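Trainee: Chains F and A, in that order, are what the protein sequence lines are.
The numbering of the first sequence is this note's numbering, which starts it at 1 and goes up by one.
The numbering of the second sequence is this note's numbering, which starts it at 1 and goes up by one.
It should be emphasised that the hints constitute simulated quantities derived from the structure, not laboratory data.
Do not take every clue at face value.
To be verified - With a straight-line cut-off of 16 angstroms between C-alpha atoms, the simulated EDC-like cross-links for lysine to aspartate or glutamate are:
1) F/LYS96 to F/GLU35
2) F/LYS76 to F/ASP13
3) A/LYS103 to F/GLU157
4) A/LYS219 to A/ASP179
5) A/LYS17 to F/ASP55
6) A/LYS205 to A/GLU159
7) F/LYS96 to F/ASP25
8) A/LYS6 to F/GLU70
9) A/LYS6 to F/GLU35
10) A/LYS150 to A/GLU188
11) A/LYS19 to F/ASP13
12) A/LYS6 to F/GLU22
13) A/LYS14 to F/GLU157
14) F/LYS9 to F/ASP51
15) F/LYS95 to F/GLU70
16) A/LYS27 to F/GLU70
17) F/LYS9 to F/ASP25
18) A/LYS222 to A/GLU148
19) A/LYS176 to A/GLU204
20) A/LYS100 to F/GLU157
21) A/LYS219 to A/GLU178
22) A/LYS219 to A/ASP193
23) A/LYS17 to F/ASP25
24) A/LYS100 to F/ASP55
25) A/LYS6 to F/ASP13
26) A/LYS100 to F/ASP72
27) A/LYS27 to F/ASP72
28) A/LYS103 to F/ASP72
29) A/LYS6 to F/ASP72
30) A/LYS19 to F/GLU22
It should be emphasised that the depicted structure is a prediction, and the values quoted were computed from it without experimental measurement.
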Amino acid sequence: MIITLESCKDIPDNELVRLSLENLDYFSCLYQRYEPEIIRYIQRISGIDPDESQDILQESFIKIWRNLNEYDASLKLSSWIYRVVHNETISYIRKKKSYGKDNTSNIELFKNIIMEEPESFEAYEDKINNTLGIIDHIPFKFKEVLVLKFLEKKSYEEISDILRIPKGTVAIRINRAKKLFREMTEGIIS
Amino acid sequence: MDNAEKIIEMIREKEMKPKARWRFTIKDSLSWAAFIIAVLFGALAFSVILFAIQQSDFSLIAHLSHSIFELMLGLIPLIWIIFLVVFLVIAIFSIKNSRKGYKFTSLSLAGFCTALSILLGTLFFISGGARWLENTFATKVRQYESIEEKKTKVWTIPEDGYLSGIILSVGDTTFKMEDFNGKSWTVEFSEADIVPSISIVDGEKIKMTGNMTSGDTFKADKILPWGGFQHRYHGGRDK
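One chain only, chain A, in its complex shape:
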């Protein structure tokens, strides 16, 4: 009996059947599904990173009295950057394991997946989805400190010259406001540099730099809108 006969005999004896085609199709489809899901999640993470950048005040770094490291920790959306990297790795791994995935280098796949996540993430950010996602995440995950909360923390250090809140009433040279911790303040703004995009009117959310002159009075040097690069901010996290 030659080797070909032996092997056919063995297959017959052990009743070995070829695995069904659908099993391989499903395996390949799962790789592609994992790739698509990972790219979409990566895109969501990227959109929140964009949102965080929009909401950040990088100008603070230049003149904040406490450490730059501490401030950077407060501003950089580390958790979302980690999410983005993890999902990109999953996307690359998934496509590499698809039937033809080996034809591409890891570098070209990394570039492709990143570009796709950036494109979709930017579209999601422009549509306003990033704010909603970040807000939902902050509401559902107790341990997560939202971008809004981090920002509030950074802008509620009156002893260092940083104060933020909502204007309650406006006088000639002063206005009353309540900071985000619920404390009332009287703010002297006659010599303040007011960014043209905001109005000192009731209900306006603002942030400012200046000096704390007593326990509940503050002299503003510069008044800015609460929202980062935006002209006005009327949304934010509902508490």
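Just chain F, same shape as in the assembly:
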């Protein structure tokens, strides 16, 4: 019997993990709770289409289920789930040897990082849509921190937990990535 998202909406994440270990049906609550944002995250870092993202999501949740006892309650559950999904997505991309063609995340990044006045973005939209492919050349280790910081709105602490790197390294990477991102997109708004 599947437990609906509505019926478990007041149960905190940690409690839901404990309940899932006792009763598999509660695991569906975790799945439903995180499905929309995780699907969006997979697409943002990989640019792959929704069907492929769904496959990665399923594989990730199977792993999450198998390793549920590994979850350390001192971490936010979302950080741990993002970590598993992140690794699964990278494995998928490595197997496939290419990123997807979806530029949505590039456009979002452009909006969030480059444009100081988000409303003026509309004026550049066509130009941006035609040239944003160059952002795909940004190294993945920079793109992933940009996505987590500016699109997923994660804190340095959370990014550190997701990518398993020190907080200081997160800060350095974000600064370098922003600089690189600005350099690569300079021509678009000039």
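Following the hints, complete the assembly by docking chain A onto the known chain F.
Mentor: Structure of chain A alone, referenced to chain F:
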């Protein structure tokens, strides 16, 4: 059937169970155990490096007739430095792989592991363990040339003015001694500069600089205790 139902169905069908908690606990404990062992071994290696430094005669570099490179090779405890580096790398790698290890930078972990190895290694050296360890290693590993053996080699080149051994009997201006290869010598020491910390008496282990005047006679310029920076040396490797 929505996606949540599908995944629950799949888990049920394949009878997938979460891995037991103890497996993750053991994995994390193994990382910490590897870290502790590596730091301890690193500390042992560092203590022997200290012992080697104590036993070395760096003053030789200034006035030895054969090449400095050759002498440095003889003095630097290369194998123990390699051991120290290897164990530090293992320690850093182990802690990085522990549950919370990613929170620290490699540089800070390297600093921490090195400091810990230096601290424990110094304590082990002070307690006299380094000499015992080096001695045991030299006894058990045939290919290993001990610090004592290297030192003996450097100080048994009478034709270049370096001689060492044990005093057998002492006269007014000369004493009889046997070098570490078993050869007997008569040493003229009336004009020698004798380091105050040693006594020219039977059974004293010494090293000296000077000139070989014939096949079995040596004129000493300077006489030093056999042990490096120590005042007296009564131990050494038992052969």
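Trainee: Each of the hints needs a verdict: does it hold here or not?
Mentor: A quick look at each hint next to the structure:
no., hint, in the structure
1, F/LYS96 to F/GLU35, "violated (23 angstroms)"
2, F/LYS76 to F/ASP13, "holds (8 angstroms)"
3, A/LYS103 to F/GLU157, "holds (9 angstroms)"
4, A/LYS219 to A/ASP179, "holds (14 angstroms)"
5, A/LYS17 to F/ASP55, "violated (20 angstroms)"
6, A/LYS205 to A/GLU159, "violated (20 angstroms)"
7, F/LYS96 to F/ASP25, "violated (33 angstroms)"
8, A/LYS6 to F/GLU70, "violated (24 angstroms)"
9, A/LYS6 to F/GLU35, "holds (13 angstroms)"
10, A/LYS150 to A/GLU188, "violated (26 angstroms)"
11, A/LYS19 to F/ASP13, "violated (20 angstroms)"
12, A/LYS6 to F/GLU22, "violated (19 angstroms)"
13, A/LYS14 to F/GLU157, "violated (36 angstroms)"
14, F/LYS9 to F/ASP51, "violated (27 angstroms)"
15, F/LYS95 to F/GLU70, "violated (26 angstroms)"
16, A/LYS27 to F/GLU70, "holds (10 angstroms)"
17, F/LYS9 to F/ASP25, "holds (14 angstroms)"
18, A/LYS222 to A/GLU148, "violated (21 angstroms)"
19, A/LYS176 to A/GLU204, "holds (11 angstroms)"
20, A/LYS100 to F/GLU157, "holds (13 angstroms)"
21, A/LYS219 to A/GLU178, "holds (15 angstroms)"
22, A/LYS219 to A/ASP193, "holds (11 angstroms)"
23, A/LYS17 to F/ASP25, "holds (13 angstroms)"
24, A/LYS100 to F/ASP55, "violated (30 angstroms)"
25, A/LYS6 to F/ASP13, "violated (21 angstroms)"
26, A/LYS100 to F/ASP72, "holds (10 angstroms)"
27, A/LYS27 to F/ASP72, "holds (14 angstroms)"
28, A/LYS103 to F/ASP72, "holds (14 angstroms)"
29, A/LYS6 to F/ASP72, "violated (27 angstroms)"
30, A/LYS19 to F/GLU22, "holds (13 angstroms)"
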